[in-house]
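Protein chains in written order, with our numbering: chain U, 1 to 393; chain W, 1 to 182; chain C, 1 to 209; chain F, 1 to 688.
Heads up, a few of these hints could be off.
[Unchecked claim] BS3-like mimics (lysine-lysine), calculated; alpha carbons at most 27 angstroms apart, straight line:
hint, chain 1, residue 1, chain 2, residue 2
1, F, K36, F, K512
2, U, K6, F, K441
3, U, K393, U, K352
4, U, K177, U, K126
5, F, K36, F, K46
6, F, K36, U, K4
[To be verified] Beta-carbon label-pair distances, calculated as ranges:
hint, chain 1, residue 1, chain 2, residue 2, range
7, W, K131, U, M25, 47 to 57 angstroms
8, U, M25, F, W147, 33 to 43 angstroms
9, W, K131, F, V623, 39 to 49 angstroms
10, U, N122, F, S78, 37 to 47 angstroms
[Unchecked claim] Here chain F is said to cover these stretches of chain U; the calculated rule only asks that three of the stretch's residues, wherever they fall, bring their Cβ under 8 angstroms from a Cβ of chain F:
hint, region
11, 65-75
12, 200-212
The hints are simulated quantities; they were obtained by calculation from the structure and are not laboratory data.
Note that this is a predicted model, so its numbers are computed, not measured.
Using N, Cα and C, we set each Cβ at its ideal position, and we do this for glycine too.
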Amino acid sequence: MTNKTKAMIWAIVATVVFIVSGWLMLRGATSSVTFPLNTLSPHGVKADYIQTLTYWVFGIAAVVFLLVEVAIIWMVVRFRAEDSDEEGQNEPRQVHGITSLEIGWTIVPAVILAGLAVLNVNTILKMEDASADAIEVEVIGQQWWWEFRYDTNGDGEVDIITANQLVMPADHDVNLKIQSNDVIHSFWIPTLNGKKDAVPGRTHPLVLQSYEPGVFEGQCTEFCGLSHGVMRMQVKSLPEAEYEDWLDIMTTNPDDPSDADQIAGQELFVQQCTGCHQINGISPGDEDPAYTPIPDPDYGATVGSALSAQNAPNLTHLMMRDTFAGSLLALYDEPASPEVMNPGIPNTNNLKRWLRNPEEVKPMDPENGQGMPNMGLSEEQIDQLVAYLITLK
Amino acid sequence: MSSTDTQTDDSGHFGQSVDDTGGALQDAVSPVDETTAAGAPKTSDGGADDGRGMGHLDPAHEHGPTDGQYFTVFWILLGLTVLEVSTYWWPDWFGDTDAVRYVATTVLFALMFIKFVMIAGIFMHLKFDPKILRRVFIFGVLFALAIYLIALSSMNFWTDSGIPWFNDPPPEIVTTTVPEGG
Amino acid sequence: MAEVSLEPAQDLEFPDDPHATATGISNPKLAMWVYLASDCLLFGGLISTYMVYRNRPGEIEGLAGSSLQISELFDIPFTSMTTFILLMSSLTMVLSVTSAMRGDHQRMRLWLGTTALLGALFLGGQIYEFSVFVSEGAGFTTNVSTSAFFTLTGFHGAHVFVGVLMLLSMLGLSFKREIEAEGVEVLGLFWHFVDIVWVVIFTVVYLVV
Amino acid sequence: MTVVSERTPLALPGGEPSAQNHLGVFTRPTATQGWKSWFTTVDHKKIGIMYGAAALFFFLVGGLEALLIRTQLAIPGSDLLSAELYNQIFTMHAVTMVFLVVMPLAAAFANYLLPLQIGARDVAFPRMNALSLWIWLLGAIFFNSSWLLGGGADGGWFAYAPNSGVAFSPSHGMDFYAVGLLIMGIASTVSAVNLTVTVLNLRTPGMTLMRMPVFTWMTFIVQVLLVFALPVITVALFLLMFDRLFGATFFDASKGGDPFLWEHLFWIFGHPEVYIMILPAFGVVSEVIPVFSRKPIFGYPFMVGSGIAIGFMGWGVWAHHMFASGMGEISVLAFSLATMFIAVPTGVKILNWCATMYGGRLRFTTAMLFSVGLVAMFTIGGLSGVSHAVAPADTQQTDTYYIVAHFHYVLFGGAVLGLFSGIYFWYPKMFGMFLGETLGKWHFWLMMIGFNLTFGPMHMLGLQGMMRRTWTYSDGYGFNTWNLVATIGAFTLAVSVTIFLVNIWASYRAHKRNPVNPGPDPWDARSLEWMIPSPTPEYNFDETVVVEEFDEFWHRKYGHDEDGRLVRIAPTEEVAQHGGATGIHLPSPSYWPLVMAVGFPLVGYGLIFNLWWALPGALLMLVAIYGWVMEPPDAPSDHHDDLEGPDPVDSTGEPAELTSGEAQASAESDDAEEADSSEFTTEEAPVG
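Just chain U, with the same shape it has in the complex:
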């Protein structure tokens, strides 16, 4: 069998193998159930823009890949020197260059890229604009968790401060004002939009929009130190009506602690936790703590928190969220679902495990002002605290 036919067979086999394996890999890759952080399963209009652009680029790249790789495989087999022929036998023709051909394969890729550039440019321009009635949410990253601040009545004052879970109405544009309190982080919800860095000292816009209600996972993607890998966030997109209910609940006081454990838990919280964590209306050393609906935006600074970012999660409506500790641990035994509040039973042992020794769950460096120190609480204190924390709805 001559080199020519062998080469043809190799080329065909290679093409088939490449196409089949590529299709197999992509086929299972677009479900966002098995891959919560999937970039190939858009659930929002912005992610759709990116998807169309990406598929165009992948398509052209796949074609070029096939052409070049199969050509290489074909040539390698076709022009292999026979071991038999001596020097001087069928020596190759000394071709120095065919200028027209070379100019050709300079122009053709340039033209293809120019075509892509048109699609690229108008996608870029489409990414930034938002509808006039978009809701503004301040997203503030700090070492190893995300904070969200809402100004519901547009009076310039922050009305809601929550963490780990951004709640927004479905099918409605949300303008995020992304900032950072310490190092550079990056806010990324793969199924809704690309990522945007949170840079200290700057405010960056990002527009999120989801077609229907759902819970969408996200992850910090700019290296930010020890717990970069577990600095996660979720976006819970609710139907319009339920979103309004959520806003009302978040701007009213949680109900006061009733039984003995809860009250003891509250006292313990006032003594130990208010140095960093804020519960609206409670300040360190309060005799009879009373809730107020409006949070203090600079709480960390006012109480001189030991954190380098001077900001710890606001726990006023802790149990309205589905996760805590940078969305690492679940607050309920039911998975997060697009409900105003998770219907499941609170998952107390996660809370207990965290309170027992936070550094064992998440690598942190409290001595350097990064992350939650081990408060050295006894089991009984932990139970009281957890009993109190569960009431914060």
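Based on these hints, arrange chains W, C and F on the given structure of chain U.
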């Protein structure tokens, strides 16, 4: 003794190469390349080859500027510097308006450029040395200028360096009305 | 038959023998110019850092640290004096190069010494100016504007200091043994470059408001 | 400037003849053999070999770090490495592989081959060449000593600003990063200036710029990139060092510092840096493929032009690393378009290599296998690069494992495969023995399998959202299978590298048993370094080769018949030089490069720990500089007109016999007064 100064800017203009072959089968040694009588093979490289075997170098060197000329250049430079320094007092003399400030800045940059060229050209002999030195230095200067201007503009240095800061109100979003159906 | 030429391909011991080089320029001279081109990038970076930071403390409220901008403290008459000195040192440098070319040893040493003196004077002026700034509360770590200024002028000062060292070494060596006229010229290139950078710094940092 | 050509040093004041009383404090060392000679050598070949050996050692160190990373990520939630240790290991892996493996390996080939390929005897400044080697090596050791002194750098290889500051990474790791890279930056700048001048000035007669081999062109472009890129990172590193060690606030946002300044300064250097790493490998492949296809490189002007285009456009694209960083829309637009079009020259290169192979008679030696491997793998890397040149797609892909896959396909699949191809190709020329072909093929195929197993799946991991630089991942994200596959691939790579080491050892042993000299031209190659015996004699060329056209050596061996087919016109033995020239005067070794280089790490330790350490360092450097300046030009014992017959340049200053043909007009320029001791002489009798 001028050499055949076929300038091929060695930083990219590759059109004219010695064995530029059109047809597929034309062999390597193209007819273009013959050795000129002057002993130095006619080269088409960066034109910097005139010194090659040309005997001693830079015939232009004999008549570098004389000491007297250097003094005059120095006095010019001194005059320009005095003029530059005077711009500090322009706001007091001509009124502290923006117009005066813009004129002063443009004059300053113009004088800076002139002094730069004069020192580089005359004091540093760039005018009299082979062209490759001029090309190397100018390439470096323009390179630095271009890169840092791009970097500064992408750090929105020109618009207003009032970067939205901690407690500045965040910049308003360019809101285009998305059609309802969108 | 292998083409043979007695022409030494490279005169390695005296590589700066130009007629042996392909571009007709001696190695040290070409090397100095390539170095100067790369130094443009270094000073370009430092100048851009200064321009980004120079009036940031005053412009942006709510910043920790003092809101003093270095440009408030400039004493233009004094700095223009040091600029004249550096300009004069450029002239004396050129004169020493031409006298070196003529082989006139005496004047070369005279001008080399004057250039070194003027360089040292410039440095003295800078150090005095810095001490005035520090006394007025604009230290290196005060804020972003002052540290950017001190880094930029500090780097330039370091280049001047190395230049003065080289001038003095060239002066010393000229007593002990022959120095190449070429060596003086390459040193002159470095010195003029340092002067050019000061021309740019003086305008951009001090004068442009 | 009249004097230069006569090169008469200035007469002493008294007007007496200029006696050559050099001030040499010490006499120069003379040893050119034995282990001591390696520390004082200024021979570009020894320096190249040392660069190569050190780079391969650090390749093992970097490879070990890579294995640790992959073992930690083999299974979800593993606690083999703590987060802190993992951050240090992945940063050190990146910096080691970039600055301590790929750049020095390219420097090894550049130092060894550049002078040979342009027909020179050595680089323009031999002692400066040794200095850059020693500064780099001591800088590398200094940087790695951070492991023993409080932990390695932990800010990632691009150490974004506030996180690399002293507030957020208080350990000394980042200080070693800043000072270490400064020291290595000085070494690279010094060698870049040196090699740029060498290429421009020391080309053999007739070797115009457009007749230089493609490897020399690519290395020349790399040196120009280095000359302009390193000062930018020097500024950035100084700012970082001032921030960390001297309390400045350049990047402290609360005091007005701007993290974007670091990002811009770093990436202005960062992107040309990645072209600095890939172009030498492109050069090697452009040398290897023509030789084993027995065809000239296809479209030499286009190959050189595309190299220059890559080098030049590389400066306009740096902010594609910052698409998601939040700089304005216009910058994103501009840099995205510029980045897209940098794929064109790379595409030209790939297609030209394919066209070179087309119609050739391909011999698949290991070197050729590695080169074809580069062409195949780099295509994948280039295409995955284009896929995130478009900014919106990049906002999904940046900082995920898709980017890790991309740059490993271009760096490992590109630079490392190319440089391995170079090692197998030039090994006979450097060491006078072949590397085993069978073991070589095992090494190649295992490396290809391991490479694709490791980095192929990372494309899928990245698209499924696995972020970069995370010390672990949780279950339920769908990352488990592909991470396990990648770890298996990593260990296959480790096996292939072991086979490479075994190959070196085995071929050394085999050579010792029956030494077979590969001769000047084992592969029937095309460029000048194959005209001289191997291992290359110290003085490189017996007599200067005058070059008439591109691929001079090939055209002296082969002509071609009317329809362009190859026809042998002269046997290699006759064309090649046979060595044995004597009395060619070479620059003598010198202590001072090593002495000066030792000062750098001392100053480094002083800056980081206690400033007093910097004093001996600075003193050492000062003493070395003055020792260097006042060093006599050559070794004392080597007074030149000793053994061989009459000095070719007789007393009247006229050369004994004008050369035929090339009237080099050397008579005129060589009217130096009587040959003083340091006059360069070529002793060989003119060949009739």
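Right, here's what the structure says about each hint:
For the hint pairing F/K36 with F/K512, the CA-to-CA distance comes to about 23 angstroms; that is within 27 angstroms, so the pair holds. At most 27 angstroms may separate the alpha-carbon atoms for a hinted pair to count; U/K6 and F/K441 meet this at roughly 21 angstroms. Of the pairs offered as hints, the one joining U/K393 and U/K352 holds, with about 18 angstroms between alpha carbons and a cut-off of 27 angstroms not exceeded. A distance of roughly 18 angstroms separates the Cα atoms of U/K177 and U/K126; the hinted pair therefore holds under the 27 angstroms criterion.
A C-alpha spacing of about 12 angstroms is found between F/K36 and F/K46, which places the hinted pair at or below 27 angstroms, so the restraint holds. Only pairs whose Cα atoms come within 27 angstroms are accepted, and F/K36 paired with U/K4 is rejected, the gap being roughly 57 angstroms. Range check, W/K131 to U/M25: about 56 angstroms between beta-carbon atoms, so the 47 to 57 angstroms window is met. Taking the beta carbon of each, U/M25 and F/W147 are about 39 angstroms apart, inside 33 to 43 angstroms as hinted.
Between W/K131 and F/V623, the C-beta spacing of about 40 angstroms keeps the proposed range 39 to 49 angstroms intact. As the Cβ distance of U/N122 to F/S78 is approximately 45 angstroms, the hint placing it in 37 to 47 angstroms holds. Check on the region 65-75 of chain U: 6 of its residues sit with their Cβ under 8 angstroms from a Cβ of chain F, so the three-residue criterion for coverage holds. For the region 200-212 of chain U, the proposed coverage by chain F is satisfied: 4 residues have a C-beta within less than 8 angstroms of a C-beta in that chain, meeting the threshold of three.
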